[in-house]
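K.L.:
Okay, here's what each chain looks like letter by letter:
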Amino acid sequence: MNPIDSSLKVEIGGYHSGNVPPLLHEIRHALRNLLDNGETTTIDLRGLPMAPGEQQQLLEILGKGEVSAHLDALGRSEIIESSYAGVWLIIHYNSNNEVMGKFIEITRMPAILEAQTADMEESLATLQMRLEEI
Amino acid sequence: MNNDKPLGQALREQGVSRRGFLKFCAATASMMALPPSMVPAIAKALESARRPSVIWLSFQECTGCTESLTRSHAPTLEGLIFDNISLDYHHTLQAASGEAAEAAREAAMEENKGKYLLVVDGSIPLGNPGYSTIAGISNLEMLKEVAEHAAAIIAVGTCAAYGGLPHAKPNPTGAVSVTDIIKDKPIVNVPGCPPIPVVITGVLAHFLTFGKLPELDHLARPLAFYGNNIHDRCYRRPFYDKGLFANTFDDEGAKKGWCLFKLGCKGPVTYNACATTKWNDGTSFPIEAGHGCLGCSEPNFWDMGGFYNALSESTMDLGRTAAVGIAAGAVAGAASGLLNRRKKSQAVAAHETVTVNDLQREEKS
Numbered sequence: 002m003n004p005i006d007s008s009l010k011v012e013i014g015g016y017h018s019g020n021v022p023p024l025l026h027e028i029r030h031a032l033r034n035l036l037d038n039g040e041t042t043t044i045d046l047r048g049l050p051m052a053p054g055e056q057q058q059l060l061e062i063l064g065k066g067e068v069s070a071h072l073d074a075l076g077r078s079e080i081i082e083s084s085y086a087g088v089w090l091i092i093h094y095n096s097n098n099e100v101m102g103k104f105i106e107i108t109r110m111p112a113i114l115e116a117q118t119a120d121m122e123e124s125l126a127t128l129q130m131r132l133e134e135i
Numbered sequence: 059m060n061n062d063k064p065l066g067q068a069l070r071e072q073g074v075s076r077r078g079f080l081k082f083c084a085a086t087a088s089m090m091a092l093p094p095s096m097v098p099a100i101a102k103a104l105e106s107a108r109r110p111s112v113i114w115l116s117f118q119e120c121t122g123c124t125e126s127l128t129r130s131h132a133p134t135l136e137g138l139i140f141d142n143i144s145l146d147y148h149h150t151l152q153a154a155s156g157e158a159a160e161a162a163r164e165a166a167m168e169e170n171k172g173k174y175l176l177v178v179d180g181s182i183p184l185g186n187p188g189y190s191t192i193a194g195i196s197n198l199e200m201l202k203e204v205a206e207h208a209a210a211i212i213a214v215g216t217c218a219a220y221g222g223l224p225h226a227k228p229n230p231t232g233a234v235s236v237t238d239i240i241k242d243k244p245i246v247n248v249p250g251c252p253p254i255p256v257v258i259t260g261v262l263a264h265f266l267t268f269g270k271l272p273e274l275d276h277l278a279r280p281l282a283f284y285g286n287n288i289h290d291r292c293y294r295r296p297f298y299d300k301g302l303f304a305n306t307f308d309d310e311g312a313k314k315g316w317c318l319f320k321l322g323c324k325g326p327v328t329y330n331a332c333a334t335t336k337w338n339d340g341t342s343f344p345i346e347a348g349h350g351c352l353g354c355s356e357p358n359f360w361d362m363g364g365f366y367n368a369l370s371e372s373t374m375d376l377g378r379t380a381a382v383g384i385a386a387g388a389v390a391g392a393a394s395g396l397l398n399r400r401k402k403s404q405a406v407a408a409h410e411t412v413t414v415n416d417l418q419r420e421e422k423s
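If you read the protein sequences in the order shown, they are chains A and B.
If you're matching positions, the first sequence starts at 2 in our numbering and goes up one per residue.
If you're matching positions, the second sequence starts at 59 in our numbering and goes up one per residue.
For reference, chain B alone in the conformation it holds in the complex:
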């Protein structure tokens, strides 16, 4: 892969006019959540930027993050991947397979030693190495090998950033995040299940533009996208301030578009760009579609309590409660457990919400 030509020259040779380039830069600034006044600076930086080699490793994941990226629209994925980065290894997207694919990875590592960007999606199992392998190489071994000479690492998706769903209790594979293993490289977390596509490409574009990773928060997430919580940027926020809530998904409040806090919305504790960037070409986001935020860009979101429990109800280690609940269920004939499960089913049938207190009672019984 030839990475020698500056991007500006490569685009001009492809017949892209200066106007087209400026348009590209305006879209890139918007994508990176930078003010439009930064466009000339971005244009200047991109003009001389050289394409970085990217190695993408997929471990314990569902391919949702790659699906998200391949639907990225700004700029087009084709433009991003083929014009701006040199994607030298991605075992889902690349044509090569088996030994040829691994040879491509090794060649990219050798040719771009110390300069390539490593993108990881999926968590890494520390239990039996056989839980997840690529070409017979364990995820842990491959991560360490590729990370050693990477310039920086981007952990894409909640699984790579925090362990994600594989890490959910009882974590059968011993899943951990990239930062749990690699300690000596700059790492940026791009969490979300999946992350917003433009956030993934925005981080790549930032690296391309500035030659470094963007400014990060305490969880190593780019501040440009994770600097505000969903709640503060939500168009339903005025209803929260006025105390107007939907109590069920089909009541008058729901129909009027009132705040979904009582229905378990995790917007107040979730930092992401969904409320402004939105999904599907800027069409909508979960709250706009009438469902609360699940908090998928936060650590352990799966174990943060019920998706439909209000945040004000979460006052204990709900993961532990759930695990005990499962254990209780395994003891066949435990009358109290059966009683509580029946009560839970009845509550669901009657559209009643199951609260943390209900779960606490179940744990004690």
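Only chain A is shown next, with the shape it has when bound in the complex:
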């Protein structure tokens, strides 16, 4: 299921932790900080008490933006830019497709998308060997 599937409506009823608005304010502050000081922020969604349906409500408010990417490393990961530029939802799954971590990152580009130095060095060596075989 798409984590930001707006077609799925969840009835929250009388259950409210009240944590969705403060979290949105935290995101707003973090976005301001990114613009003003270039500092990135990561929010771990598992650290907050959420009533049933509230996380879905949060994701619906954030919406889906222009960029989404999939990562295949130790299981699947979804990296999705919300409808607010610079606000990303990152969900890491393990090889059994169970959620290992769920984060909101306020950054120009999540670091995990960037090619890593160690991987590039290994790739360089591999490419070199390949060329020697030709």
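To be clear, the hints were calculated from the coordinates, so they are not data collected in a lab.
It cannot be assumed that every hint is accurate.
[Said to hold, decoys possible] Under the rule of at most 35 Å between Cα atoms (straight-line distance), these lysine-lysine pairs were calculated in the DSBU-like manner:
1) B:K320 - A:K103
2) A:K103 - B:K336
3) B:K313 - A:K65
4) B:K270 - B:K171
[As the list claims (entries may be wrong)] Computed Cβ-Cβ distance ranges for the label pairs, DEER-style:
5) A:A126 - B:E206: 45 to 51 Å
6) B:S106 - A:G48: 25 to 31 Å
7) A:D120 - B:N186: 56 to 62 Å
8) B:F268 - A:L128: 34 to 40 Å
For clarity, every value in this text was computed on a predicted model and none was experimentally measured.
Ideal Cβ placement from N, Cα and C applies to all residues, glycine included.
Following the hints, position chain B against chain A.
P.N.:
Below, chain B without anything else, positioned relative to chain A:
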């Protein structure tokens, strides 16, 4: 078991990319309840971490703690056990049995003297040693033998941490906790019946990352997971503050998801991570499912009074009351006791709650 390779090198040799490693570190930070900003520090520490040898002893227990751990998902148990720790002895999970199993334990102790981690689940009987033995060795003797050269001990589950259900009155086996016996080793308690799986693995991951046990509270529980009580982190807390309570499990308040305090929820006195970490892949926790917290990560939770009595009703030694109640029941023909039991049955049938006062009256009669 080869523990020589640093974890980073071992993962790279298994084809795990740096991205995968960073993902692993992000999940580990989340699991250890550390801020995401700690990920680079965790990555650096894990890169050079060496796999510790772990000896797991199961004493008077129900295997629920191992069941909980084997359903741990972050990171996968397979990843944790086979990549990050060297589980050299666990008589429920290991293939070896009998003399071969004991030989594996002795070899791990000898090869990793002073460096291995001892995990214990289950309480230790101080009554007849025959109540619980492994390979003919009493639990007490085995605990003392393995603890002697352990670097640290993790008491997993309420039984190992406080004596748990075997310790419940009248404690027929004389069950005690690990800390009642071992006094000269660093011990971390990971209570719960069972503990949340990621809390078990989180403590192991902390040891792996930092080479030491996490910061503990006054009951030797890791603060990262037991630093807040269920009540303060509960999404139903706003209802408590407004005085909106469910009075029965099927009334309007229950349907509206109001606070379960009056139905015996022990959230206000229970320190654990259930309200945020949750269970079953983060799906839910008892209060979300509509039942109050039983307080299973607190000492003597079984004897803390009725599960369905509000905390405000608990004003006496309920364990003593229960024991007297049982004794009274044994005296056949005690008319007043029968009368009270009948009243209790009738109360249950009528959906009335049985209060501490009712029990007090029963004790006096």
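K.L.:
Compare the structure with each hint and give your call.
P.N.:
Checked hints:
1. Between B:K320 and A:K103, the direct Cα distance comes to roughly 34 Å. Compliance with the 35 Å bound is thereby established for this hinted pair.
2. Distance hint between A:K103 and B:K336 is fulfilled; the C-alpha atoms sit about 14 Å from each other, no more than 35 Å.
3. For the given pair, B:K313 sits about 33 Å from A:K65 by alpha-carbon distance, which is consistent with the 35 Å threshold.
4. The suggested pairing of B:K270 with B:K171 holds, with an alpha-carbon distance near 17 Å, which does not exceed 35 Å.
5. Checking the proposed 45 to 51 Å range against A:A126 and B:E206 shows it holds: the Cβ atoms sit about 48 Å from each other.
6. Checking the proposed 25 to 31 Å range against B:S106 and A:G48 shows it holds: the Cβ atoms sit about 27 Å from each other.
7. In this structure, A:D120 and B:N186 meet the distance hint of 56 to 62 Å, their C-beta atoms being roughly 60 Å apart.
8. A C-beta distance of roughly 37 Å is found between B:F268 and A:L128, which places it inside the suggested range of 34 to 40 Å.
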